[in-house]
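Spelled out, the chains give:
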Amino acid sequence: MTTDLVAAQPARGNALKRAVERFPFLPALIILVVLLVLNGLYQPRSVSFIGLTGLIKTYLALMLLAIAQTYVVYAGDIDLSAGAIVSLVNVAIITAMDALGGGTGAVLAGLGIGLLVGLACGIVNGIVVATLRLQAIVATFATSIFFTGLALYVMPVAGTPAPTAFWRTYGGRILDIPFVLYAVIVLAVLLLVLARTKLALRLLSVGDDQQAAFQSGLPVTRIRLQGYALCGLFAALAAFCITGDTASGDPLVGGKMTLNSVAAVVLGGTALAGGFGTVTGSVIGALIIGLIGSLVFFVGTPSEWQNLVQGVAILLALMAGILVGRRASR
Amino acid sequence: MARLAAKAVSKTYGATKALRRGDLEVEAGEVHVLIGSNGSGKSTLCKIVAGSVRPDNGELLFEGHPMVVSGPNAARKIGIGIFYQELSLAPHRTVAENILLSDLPGGVFVDRKALNTKAQRYIDLFKNVTGDNFHAGAIVETLRPDQRQLVEIMKALSSEAPILIFDEPTSALDRAQVDRFFEILRELKDDGRSIVFISHRMDEIFALGDRVTVIRDGETVATKRIAETDAAEVIRLMVGGDETLTAAEPHQPTAVAATAKTVLAVDALSGDGFGNVSFNVAAGEILGLGGLHGQGQSAVLRALFGATPPTSGTVLLNDKALASSSPRATINRGLAYISGDRRRDGVIAGRPILENVTPVHALKQRLSLATPSSLREKAKPALEALRTKFAGFSHPIGSLSGGNQQKIVIARWLIDRPDVLLLDDPTKGIDLQAKTDLFQLIRKLAAEGMAIVLYSSEDAELLGNADRILVFNGGSVTRELTGADRTPFNLYQAAYEAA
Ligand SMILES: Nc1ncnc2c1ncn2[C@@H]1O[C@H](COP(=O)(O)OP(=O)(O)OP(=O)(O)O)[C@@H](O)[C@H]1O
Ligand SMILES: [Mg+2]
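As you go down the protein sequences, you meet chains A and B in turn.
Heads up, the first sequence is in the UniProt record's numbering, so the first residue is 1 and it goes up one at a time.
Heads up, the second sequence is in the UniProt record's numbering, so the first residue is 1 and it goes up one at a time.
Don't read these hints as lab results, they were simulated from the structure.
From the three backbone atoms N, C-alpha and C, an ideal C-beta is built for every residue, glycine too.
Careful, some of the hints might be misleading.
Said to hold, decoys possible - Below, simulated DSSO-like cross-link-like pairs (lysine-lysine); rule was C-alpha separation at most 27 Å, straight line:
no. : chain 1 : residue 1 : chain 2 : residue 2
1   : B       : 77        : A       : 198
2   : B       : 189       : A       : 198
3   : B       : 389       : B       : 7
4   : B       : 118       : B       : 7
5   : B       : 77        : B       : 118
6   : B       : 118       : B       : 189
7   : B       : 118       : A       : 198
8   : B       : 364       : B       : 380
9   : B       : 224       : B       : 189
10  : B       : 113       : A       : 17
11  : B       : 389       : B       : 378
Claimed, not checked - Residues from chain B that face chain A, not an exhaustive set, calculated with beta carbons under 10 Å:
no. : residue
12  : 50
13  : 51
14  : 54
15  : 68
16  : 71
17  : 73
18  : 89
19  : 101
20  : 106
21  : 107
22  : 116
23  : 135
24  : 139
25  : 140
26  : 142
27  : 344
Said to hold, decoys possible - Over the 10 Å line for every Cβ pair with chain A, so calculated as not near, a few chain B residues:
no. : residue
28  : 103
29  : 262
30  : 368
31  : 490
If we strip away everything but chain B, and leave its shape as in the complex, we get (with noise of 0.2 Å):
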């Protein structure tokens, strides 16, 4: 009898149906990884058998036994500990307070000590993997984004359930802290706890899983034995018969000519969490930064955006200095960032989708006024490009998937061409099909002459698609790979070599 089954269980949105038939069967003492597209209801099925989402129909099983599950705090009672893709974090309280704020210790009053000795219990679990300024007390906003991810991981594994489930966890950690968190999670399958988990990478799904269950459109489509099957068929379960997946064809860089001409010259650059970087970038190259999480790649970024100004060093754009003071000066200038914290950066929340693709085409159109309908047509093509599924321009873009609501904020700055495009991490969270139509767009892109820098936390990403990469340690650039020296050995030892 399985440990937790959820059976035929639905929720629909208005006209959107989330989730048509979803099924789900989790032993003790297993990793289930769930899989399925972009907006293919993975996350919705999660949130029903937390308890955030009320289901329309079908049951859930605990132990075999009907449970009722009221809301997340029922659930929690029940033995079912969650890990939120959108993440459930209250940016102004300490991490210590993040991780037990469901069961804070105490009576009428929150026993503090208790607070931070059991907090520090599950921050010991990532010592030497959590990176700078994490302790008990830092305030959840002043982390970085791969660090409010392991935030959410510990409330996750303080709720000390049978049942885990972790929707997306590793899409912003770094190497060494997904191969922690592995660890960590074999050890609490070994103690027979029941694992769900879901991701957009197949080998993180292979290292891991035991079973593997696939949802397609909403509905389970199959449960495998991870060791009696392969990639490809999951891919082929994944996206039905019909559509053929093209999955990370291997793409040979093409060297950029040598008379291209230098679109943006950034030299001797410094700033918060940088210092001294220069490098140029020719029309129709795709440069990449590398190496381990937090060493300063995002973080020029957006000093070239704007978004925090830069302290010293210059920036030629077309051979024109460009003064990175603020976005808007830069988007004019023609400058594009994409961003992967797309709840930093990205979403407008809790506006419509139209209002989500268009304020760069505003901004740099200077429109006043402008009707909805000369405006959708403008966001159309754009969306059509990255296969966008949502049902209209006017629902609010937090209805939409994690990818979908990312694919949404590519989108915005795809209706009128920018001259440089920087890209920070910009797949986090979109599946396997968006990730390739993302990165063919990309070359298409770099091929009619736009310049890219791209940032990415997957060397698969960069060593497919840059033409070349800077491997950035502690604040600078340590190394450069042209050529045939960007092989994955290379940038592995790049990033892991004493600055």
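For reference, chain A alone in the conformation it holds in the complex (with noise of 0.2 Å):
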């Protein structure tokens, strides 16, 4: 009897929503191709090979931040001092290279700092958060004070610039193929290798349903400071590419990076209430924030107006997302 029902039941809309329970980020993907589409009619240049190189160099870092954020929102968890890290490891990075003489051995070794400075902030942040149970956005938003507070303490003005070696690697080219795009490729197996990591798995599974985790006998706390390590380590990375694109130190870079990393996670079709979402989405999410930085700027919008346009074509990227998963879950 179980067969009949099957036959009984509409086919209507099962492809579409299949492809979107697979592909969460679907309804992003289909919003990042036309909004490629709307900055090649306006400027067409935006969607060459140089455009687009320039395009993920500009926002390779906002990418990074995303999926950082990702792996607390996995867990239910937010990360509200993202951007602070990000500033923090700028500063620290560009302090040490500078310290150490700005030779490529100064480099490597600031960068290993740097890591370092984001993982111990990301624990920070899950001992506060998982250990302490605090409330995360509350908790986060504290400690973010406290990052960019070192921050400060450590370069008090903006401006140092970073070392020749560091910006010429990022911006230029190796083999005559733009070193951005060697940065995606590393980053792409990087993620698909994180993907099959039981941590992924588990942290979703403790954002989904945190009691029932914990009930499975899933170390719940040890999963959830696990999932801001992660992310301090992604804004480490994040704030490396930063320092790449602007070559120099600013204790207050990354401030405004944080809510933007929480709505490429919201636009990649990531659930903020955890358990669900792809950390694809999240960087399609970047990418679609940055293009519609790029789409305003090449429409022509005033200055005094560009801020206010952007707002709502974000706001009508969100409610285009959501029309068209709904659509797919009918």
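Got two chains here, each in a separate frame; can you build the complex from them with the hints?
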């Protein structure tokens, strides 16, 4: 009698529904394509190879920070200090590279220090939120002030330049291929690997139902802490990119990026409540935010209106994503 | 020496004594039934044994040695697997991932192949009874309640623990699923496993159990051999000497007068999971929906209520067309819907009891401002009618036992009288006393002129209360049982016959 029921059910819209179930970032992808087309219409050069490489170079940092944010959001947490970590790592590596002489060795040592600083910040967040059980949204807001304070202590005023070797590499080419494309490929592989780890699955399970995860015997506190640690590491990578892009130290450089990273995660179809989402979506979300920014510029919006138009455009993108998702789940 | 023993364990939550003195001894190779009314402390005792609740006092012994259970993981390592009454599933994960969540195969990476083959072993145990769209890769959220319950069962079985605890595992299952599950339990028992089993269904307890421990008001009152006791004695132990329980009194449904006014007229209703369903319900009538699980009964009720609006067909409520476009619309027209799946449809998680009893009242009366004291006055009679056990209106609903949560959800609809009451397997997880109370109440409401549609997965509830029974098969009504035709035999036959 069970098979009869299947036959009785309408098959309409099933393909789209299944596609969105499997690839929750599909609505975001559609929006991305639309934005690319619009950008191409207003400024054909923006969708050329060079234009797109430039886009990635500018927004790789936001992509990485959105990825960082995704891992904590997986578990139902949030990190409002992500941007502050970027700032802190930025000034830390510039100061370290500067102090070590600015050569290749200094750059590599600086990057290592940057990763450690990012990891340490992530662990601090994890301890505050998971171990001490403070509200994630308020606790990481507090640590963001703390991290910003540290960054201002390390470098009170913006402006110390990055070593030439560093930003030349980031903005340059190897074998005639832009460096950022290598970075994107390495990143893609890294994300694929991470998606297959137990940690990713466990983070999602914790976010799905924390009580259920605890009752299933998962070490919930440790898992959430690991999520924050991973977030710290990716925030450090984001800081490397922004340092490569701006070529200088600025203790407030990441501040604005925090909420952009949250917006990118949501645009990408990840549930802020946790338990559901993809890092791919967040990457797409970051690109959407970037493309909206450039579109507003290419259309020729007067500068005093740019913020307003950009805000409305992000709202529209959010709504479009929800509409597509809802149509699919019918 | 008992394999597992709990000695005088207790647990207090604030002002609530959840468990005063729990004693339990489980031998190897037995099915040990735990029984007690709603809120008597069964789940609390199980959670203590399984490590997810820390006891205030008392000790736990494993094969005679004191054991320290620091958490669910530690309990698993010792050898205790558990089925949680409220389920412990991650809704967005797949069936396979959920089954093996506690013990994912692989090192740093998830070994997908091992995950699926291993999970498949447990899925195969329930071959042919899992129902549609149930497979290793199915997302748990998309499953029916009975299927989710099966996943939780598989998850408990996958622990391969020598001690398995099942806290009301059968409340959403259909007969075929229960039969299969019992076969599995008997095999496990013959393997020498110890099984703790909780259910409110007497027939199950006597079919399966070796011994029974009765808990009343948080205290273990007796342990008996099943062979040496009977239902009457168990019920007496459960309710204590002072109260008498009129267990499932045989009710002779009254034929509704042919002149009774039709309240709800459903014509050729179709939607997701059912097609071309037509029926009328008169004032004062209790119409039963029967048949195997998931044959469209719930779907029809949810469609009428507007939770998943129907695709075609007409519905007349008091001779006026009813657009089942949203619950808000149908509630305002006088419909009520009580679902047994309280996690999905009923409980507003994390909110106080008062907020959980009053939302429908607020909607119907268009309350924009209200004082808690006036709301409490409104809520009290409804809660008392169901003998709901709770410490205070401001406690979160999650602090109640499963059965008492369900009573809160039911009470929500009783503050303002609806014209039509849609009951979607409403007694899931509530004890015998409460069931009796609920059906007495339902019959009283019907006698006062309410039209009632009742779907129940327990045939006895349908036969004992419905004036007429529509048997569903494959999404449509295949048979109508009226008058003297309403026999267990006919119902069983109609449910199983090919559509
Ligand atoms: N987390 C909690 N916080 C506060 N009180 C609780 C909590 N858990 C249980 N209780 C209370 O403890 C008592 C026993 O609850 P328990 O869940 O053990 O009952 P039960 O015997 O399993 O009932 P049921 O048959 O309804 O499932 C109830 O009165 C309940 O309200
Ligand atoms: Mg219980």
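inquiry  = Let me make sure I understand: some of the numbered hints might not hold for this structure. Which ones are they, in numerical order?
reply    = 2, 4, 14, 15, 22, 23, 27, 28
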